[in-house]
Amino acid sequence: MAGLSFDNFQRNQFLASKSQGQPKATSTGTTIVGLKFDGGVLIAADTRSTQGPIVADKNCAKLHRIAPRIWCAGAGTAADTEAVTQLIGSNIELHSLSTGRQPRVVTTLQMLKQHLFKYQGHLGAYLIVAGVDPTGAHLMSVQAHGSTDVGFYLSLGSGSLAAMAVLESQWREGLSREEAIELAADAIEAGIWNDLGSGSNVDVCVMEVGKDAAYMRNYRTPNVREPKQQSYKFARGTTAVLKESIINVCDVEEQEVDVSA
Amino acid sequence: MNVVPQSNFKSAVSSDQDQQHRSNAVPSLPDTLRQQAGGAVPLSSQMGHQHPLQSRVEGWEATQRARQLEQYRQVFGIAEPMKREMELEIVERTDFNPLRREAHSLHEDILRGNDTSLDWEDVYPAATVASGMNVANDVHTKIEHKLQM
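Protein chains in written order, with UniProt numbering: chain A, 1 to 261; chain B, 1 to 149.
One or more of the hints may lead you astray.
[As the list claims (entries may be wrong)] Once the Cα atoms are required to be at most 16 angstroms apart in a straight line, the calculated EDC-like pairs of lysine to aspartate or glutamate come out as:
| no. | chain 1 | residue 1 | chain 2 | residue 2 |
| --- | --- | --- | --- | --- |
| 1 | A | Lys-118 | B | Asp-119 |
| 2 | A | Lys-113 | A | Asp-80 |
| 3 | A | Lys-58 | A | Glu-244 |
| 4 | B | Lys-142 | B | Asp-95 |
| 5 | B | Lys-146 | B | Glu-70 |
| 6 | A | Lys-118 | B | Glu-58 |
| 7 | B | Lys-83 | B | Glu-70 |
| 8 | A | Lys-113 | A | Asp-149 |
| 9 | B | Lys-83 | B | Glu-108 |
| 10 | A | Lys-118 | A | Asp-80 |
| 11 | A | Lys-118 | B | Glu-121 |
| 12 | B | Lys-142 | B | Glu-92 |
| 13 | A | Lys-211 | A | Asp-133 |
| 14 | A | Lys-113 | B | Asp-119 |
| 15 | A | Lys-118 | B | Glu-61 |
[To be verified] Footprint (simulated), chain A over chain B, 3 or more residues, beta carbon under 8 angstroms:
| no. | region |
| --- | --- |
| 16 | 48-55 |
| 17 | 86-98 |
[Stated by the list, open to error] So these bits of chain A aren't anywhere near chain B, every CB distance computed over 12 angstroms:
| no. | residue |
| --- | --- |
| 18 | Pro-53 |
| 19 | Ala-56 |
| 20 | Leu-123 |
Treat the hints as calculated values from the structure; they're not laboratory data.
Nothing here was measured: the structure is a model prediction, and the numbers come from that model.
Virtual Cβ for every residue (Gly too), placed ideally from N, Cα, C.
Bound-form chain A, shown alone (with noise of 0.2 angstroms):
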């Protein structure tokens, strides 16, 4: 079967009933954030990839391009995440070429709920998704079975309390776009701060109605890492050569041939 293959199904189910234990479904630490001001919407992240108790990547980017004014922030699995947004990104262009339209946010929070719902659940993918069209600014967030919400300021991920807990008390009607980038950076720094699996720096991206998505990677660094107060590498020369020697692997030799004569 073309797809997901269930092949070897059996054979593991069979493989974990004689074995000491399977391998346990590890929860995934994030904070991203998604927040409308006045003419536009903007998405906010950190970059912080664990697996487990182990930090995996300090600087991984969480925000995934859909189209050029469509952006889109994932928790959960990351290699969901990835996945399904290149291929509901390639589908969003495939459509938008077909139809001779701009892509619309709706089209994609569309798509993204019904391949989403068709999985059941297996895709661990918790996406906010905020994008302009020609319809407006549009701010919505998909969860992994389907379900999806629509709203003026969201945060999901583990770090989402903290980061929610700074957009309640801070948020207001008609924001200006350096405001709400403050406000998206602080509520990822709430994160970062108070959540363990979230972390290191944060990134935005804005989409202002009419104009190109600004995408701002690193745009605060909170965690630059100490420089080292000693230099502990060894100079140049430390190690005596005491003798060298080059061996001549192959010899070419090659002579030109006049074709033409």
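We have chain A; now place chain B onto it with these hints.
Leaving out everything else, chain B in the frame of chain A:
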């Protein structure tokens, strides 16, 4: 009218029904060589014990198609789904190409409304070579299926 495929739980499996590859000598037995399942597989493995997603993903397209046709029937009458099914049947009969790897042609995709969408099935097509030998789904097998030999 279902939105979601029903789980295809089987309480009984018969050896002479639903076999993809039947033995030429004894049609009630499976052709284990062409089945490419790595030898004789117990029939009990077809009963239950499937991943909960399997029946859902495999039956998804067919269920959506059935729901769509049922809705067409309710809105426009029986002529509409009949026309669509007949058009699809014409394309399927005239467009048979045993050398094509993927299941659908472009004409079929247009009639099904899939011509401007992608899914995992397009990115990861079914393997035609199962265990090193291309006997399970080769040209001859496809022609035999087509001609119901």
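Structure-inconsistent hints, enumerated in ascending order:
3, 5, 17, 20
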